[in-house]
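S.K.: Below are the chains, spelled out letter by letter.
2 protein chains.
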Amino acid sequence: MGKNILITIEYDGTNFSGWQKQPNVRTVQGEIEYVLRYITGEDVSIHGTSRTDAGVHALGQCASLEWNSSMPIEKLLEVMNRRFGVAGTGRSGAGGDIRIVSVEEKPEGFHARYSCTGKTYRYIIDKTRDIFIRNSVFQYPGADKLDIGRMQKAAKEIIGTHDFKCFETSGGTPRETTVRTIYSLTIEEDDTNIVIEVTGDGFLYNMVRIIVGTLIEVGEGKKSPDEIKQIIESRNRGNAGFTAPPQGLYLKEIFFGEEETCV
Amino acid sequence: MGKNILITIEYDGTNFSGWQKQPNVRTVQGEIEYVLRYITGEDVSIHGTSRTDAGVHALGQCASLEWNSSMPIEKLLEVMNRRFGVAGTGRSGAGGDIRIVSVEEKPEGFHARYSCTGKTYRYIIDKTRDIFIRNSVFQYPGADKLDIGRMQKAAKEIIGTHDFKCFETSGGTPRETTVRTIYSLTIEEDDTNIVIEVTGDGFLYNMVRIIVGTLIEVGEGKKSPDEIKQIIESRNRGNAGFTAPPQGLYLKEIFFGEEETCV
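Top line first, the protein sequences correspond to chains A and B. Everything in the first sequence is counted per numbering that gives the first Met the number 0, starting at 0 for the first residue and increasing by one. Everything in the second sequence is counted per numbering that gives the first Met the number 0, starting at 0 for the first residue and increasing by one.
Keep in mind that a hint or two might mislead.
[Stated by the list, open to error] Derived contacts from chain B toward chain A, CB cut-off under 7 Å, selection only: (1) A86; (2) G95; (3) R128; (4) I130; (5) F131.
Calculated from the structure, these hints are not laboratory results. Just so it is clear, CB atoms sit at the ideal spot from N, CA and C, and this is done for glycine as well.
Could you put the whole structure together from the sequences, leaning on the hints where they help?
M.R.: Pasting the structure below:
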């Protein structure tokens, strides 16, 4: 039995067909497993906390793996980042779009997915037309006219434990329940962007992107903050707002247990 | 005889094999001519001021073209940007990595290349390892230890009219002379990056990137500011510094005549 390892991963999702390994396409899981096989000469399977979609980014995705190699885990981070072509590691030409943030040993029984007790997502709505950041923000035409006060009022109606079926795209992994708890949902604005951060015990398929689309419609006056309660109670996806696109979304942080944080 | 049009263009060079049209690869000139043919139904040739290399960006590239279409030029900017998939134009899925900044009519005889009297380039050296900006800055490992004062002292030796053969990569377009005038060369630093801006009447092949590489070597103490004069006088590429990579370089602004600026 090898060591139980947790890796924390940052990635730019632009050039990936999402997290989950699939044949014939470039995925984050596929790239990491490829590099681990290159390093160890053996197949190494990793178990990610979240299956992020194509175009979605991560600042703190987590994954568990069993480590049977003689290489000390202290060295693993450095060796992997060089293979990924991270700036400053002396290797270029690779994508440079995955960076291992940390590698740590965990007790037996710990699992990146099953031990997760909560996550924080960040969504960035950009007010500029800066082409150089087009893949890492949502450049929404009316962003500079959104009423942030209205959006914050709507956000308060979302916080708490509710059946969030209205914020779920059908077709995702089947779930036992669509009840989730949102611990916090903040909206902050500066000159160039609007940053929405949401922390919860778990999220349904596309839930953050639909919450963002709904909040935008509230900010535009198309929906009222007072309607949110009814929308949630309706359990009807058709009553919620549009699904905001993937490029504005970041898996920011993953929580394990009460005290322990992945990043 | 159609109208003489000048377009100013911003582009993210990451996914282009440079400016100049070539068969079977994606180039900025090729994309713009493709879109003009789509719009007009006819072949339209454009004449760019600078042939930027693969990976090099532009904030204010310029190009001339003859406009024979009945479409008013006021509409051309909007129609082109929608085709390019610029954010907020209601079209997505295209690259989104070219944006037309302005379209203006010029007198007969004006030409984006031959009427150009000067250019400003910007080069960004980044001190972070932020993977999300890896293609639009040079993430140099020792950037936070560079001695900016030394680099500024060396920059003063470069300003002026000199034979800059030492800062030229061989293999570019043959030139009548390697004498150029550098009007200004500034180096500014903040917490996350170092920005070098250089304005001159013209530049040799890779000249800005070699100047940047040379300044970095001065900033690291490998070269002394006092050596710059000798390096220039030697006319020997081997005495100058390394060629900084393309992703940090931006064609910022193009000047025509004494008063007129492209952007």
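S.K.: All hints, please: hold or fail.
M.R.: Comparing the hints with the structure gives:
1. A86: At about 3 Å, which falls below the 7 Å cut-off, the nearest Cβ of chain A leaves the hint on A86 (chain B) intact, so it holds.
2. G95: OK, holds: G95 (chain B) within 7 Å of chain A, min 5 Å.
3. R128: 5 Å, holds
4. I130: Constraint on I130 (chain B) satisfied, holds at 5 Å.
5. F131: With Cβ-Cβ at 5 Å, under 7 Å, it holds.
Checked against the numbered hints listed earlier, the structure breaks none of them; every hint is satisfied.
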